[in-house]
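**Q** Can you build the whole structure from these sequences, using the hints too?
There are 2 protein chains.
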Amino acid sequence: MKPINIKEKFSKFKDHWSPRVVAQMNDYQFKLAKLKGEFIWHDHKDTDETFIVIKGSMQIEFRDSVVDLAEGEMMVVPKGVAHRPIAKEECHVMLVEPEGMVNTGGSGGGLTAENDVWI
Amino acid sequence: MKPINIKEKFSKFKDHWSPRVVAQMNDYQFKLAKLKGEFIWHDHKDTDETFIVIKGSMQIEFRDSVVDLAEGEMMVVPKGVAHRPIAKEECHVMLVEPEGMVNTGGSGGGLTAENDVWI
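Order-wise, the sequence lines are chains A and B. My numbering puts the last residue of the first sequence at 140; the count rises by one with no breaks. My numbering puts the last residue of the second sequence at 140; the count rises by one with no breaks.
No lab work stands behind these hints: they were computed from the structure. Nothing here was measured: the structure is a model prediction, and the numbers come from that model. No false leads were mixed into what you were given.
Which copy is meant is left open, so a pair is good if it fits within one copy or across any two.
Pairs of lysine to aspartate or glutamate residues, derived as EDC-like cross-links and limited to a Cα-Cα distance of at most 20 angstroms, are as follows:
| id | residue 1 | residue 2 |
| --- | --- | --- |
| 1 | Lys-76 | Glu-111 |
| 2 | Lys-66 | Asp-48 |
| 3 | Lys-76 | Asp-36 |
| 4 | Lys-76 | Glu-29 |
**A** In structure tokens form, the structure reads like this:
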């Protein structure tokens, strides 16, 4: 029963594309991630995924469009929709998604992060 | 497929204790609320509830403790745990909780807000 300070949690890690869990609500987790560069194209067959930009800005590419997300903006990517997150400069995001969701969805590859890593 | 600007959404309403939905992820909703004063004691029997402080500060009273939540801090209140939100000055929060969750839980009363009101 204590507050979670989001900025303080971000200060505890430096690596990119490697989400850290900071809170759990039922079977959903709140994760913090630092993004820089281009992620891979992927989708999540069974679930939506929420991005909330805490610091900096990012883009989410879709097959037919690109969405710019600035600091203080958020977006829910619908399940099954292919997308690719991109951050030209380092961007700090909060992700909200079901426990156990793999960051690379069904695509796999070297950017697949370990799951359920708490800070 | 467009970004949701959290501050811009907050500018669209003024009333307190009346959550507005800004996004949905699976069967969960992201709601914005302006808090001021004391809410009522209540709990949510079937679900956790997440508070993220966007602007200002608030307290969550529990039966045996009080948690201070500053701007940029968050907390998950476990299901079934009686709590009372308080904001001495107006506080802007994002709530994350299952669709259909009633703000006053099982307590009812005059502060019970209409559900599923989108902005």
